[in-house]
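Participant: These protein sequence lines map, in sequence, to chains A and B. Numbering follows the working numbering, in which position 40 of the first sequence is assigned residue number 40; successive positions increment by one, without gaps. Numbering follows the working numbering, in which position 78 of the second sequence is assigned residue number 78; successive positions increment by one, without gaps.
Derived from the structure by calculation, the hints contain no laboratory data. Take these hints with a grain of salt, some might be off.
Quick look at which bits of chain B chain A covers, simulated, 3 or more residues with Cβ under 8 Å [what the hints assert, rightly or not]:
| # | stretch |
| --- | --- |
| 1 | 13 to 27 |
| 2 | 57 to 65 |
If you want the footprint, here are the derived chain A segments under chain B, 3+ residues with CB under 8 Å [stated by the list, open to error]:
| # | stretch |
| --- | --- |
| 3 | 37 to 48 |
| 4 | 106 to 117 |
Some residues of chain B that are not near chain A, with every Cβ distance over 10 Å (derived) [to be verified]:
| # | residue |
| --- | --- |
| 5 | Ser70 |
| 6 | Pro76 |
| 7 | Thr83 |
Note that the structure is predicted; figures quoted are calculated from it, not measured. Every residue, glycine too, gets a C-beta built ideally from N, C-alpha and C.
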Amino acid sequence: EAGVVQSPRYKIIEKKQPVAFWCNPISGHNTLYWYLQNLGQGPELLIRYENEEAVDDSQLPKDRFSAERLKGVDSTLKIQPAELGDSAVYLCASSSWTGTGDPGELFFGEGSRLTVL
Amino acid sequence: DAKTTQPPSMDCAEGRAANLPCNHSTISGNEYVYWYRQIHSQGPQYIIHGLKNNKTNEMASLIITEDRKSSTLILPHATLRDTAVYYCIVRGGSTGANNLFFGTGTRLTVIP
Chain A
1 EAGVVQSPRY KIIEKKQPVA FWCNPISGHN TLYWYLQNLG QGPELLIRYE
51 NEEAVDDSQL PKDRFSAERL KGVDSTLKIQ PAELGDSAVY LCASSSWTGT
101 GDPGELFFGE GSRLTVL
Chain B
1 DAKTTQPPSM DCAEGRAANL PCNHSTISGN EYVYWYRQIH SQGPQYIIHG
51 LKNNKTNEMA SLIITEDRKS STLILPHATL RDTAVYYCIV RGGSTGANNL
101 FFGTGTRLTV IP
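Next comes chain A alone, as it looks inside the complex:
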């Protein structure tokens, strides 16, 4: 079974340019997460989707960041315009937990490393 797939793995852009990251979760997983990881820090949640609905986007900087999960499967995270401080790793994760019983495992992709020059 394929894991969580993210692309691109690496992206280098100039500041003020737009950038987009794509995530394909594990088949059948209803919950999708985007995390941000700065150097030397643990991942921090940006947004969580339950199917197509963004149920927790309180940490998403909405002035420049946007996300969508069309048809409740793949997701795209966009930054426009990018700033120097956005240089980080953007991680996608998915889970099949429906809210009762053992939550089970949350599966992560390899991440997309963004460098803003």
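Let chain A serve as the given structure and place chain B on it in line with the hints.
Facilitator: Showing chain B alone in chain A's frame:
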């Protein structure tokens, strides 16, 4: 969500057991204890999780104290490939808390 406290770094000799402690004194009754690790430039990798009973899988053992306020992850025979940052996380047992909140973790270095 409950917070966790871990030592920032630990060393372990290759072939010896690595015991990584974690405090989660404010954990609630329906929250699970999770352990993930992250090797440089890779996404976090699931290791093990549990509610209150000790657990063991092919990677590690998880020992949770009876009051559930702390736990220990045990890697029985550490190898150089186990060098990584290890995160102890509590995950809520309700839909509204379906997140993993990472701290800064413990950087384990396995020494030859």
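Participant: It remains to establish, for every hint, whether it holds in the given structure.
Facilitator: Hint by hint, here is what the structure shows:
1. 13 to 27: violated (count 0)
2. 57 to 65: That given contact is violated, which follows from only 0 residues of the stretch 57 to 65 of chain B lying within Cβ reach (below 8 Å) of chain A.
3. 37 to 48: Check passed, 7 qualifying residues.
4. 106 to 117: holds (count 7)
5. Ser70: Nearest chain A Cβ is 19 Å from Ser70 (chain B), so the label holds.
6. Pro76: Since the minimum Cβ distance to chain A is about 21 Å, Pro76 (chain B) lies beyond 10 Å and the statement holds.
7. Thr83: The claim stands: Thr83 (chain B) keeps its Cβ more than 10 Å from every Cβ of chain A (closest is about 16 Å).
Consistency note: the structure conflicts with the earlier hints numbered 1 and 2.
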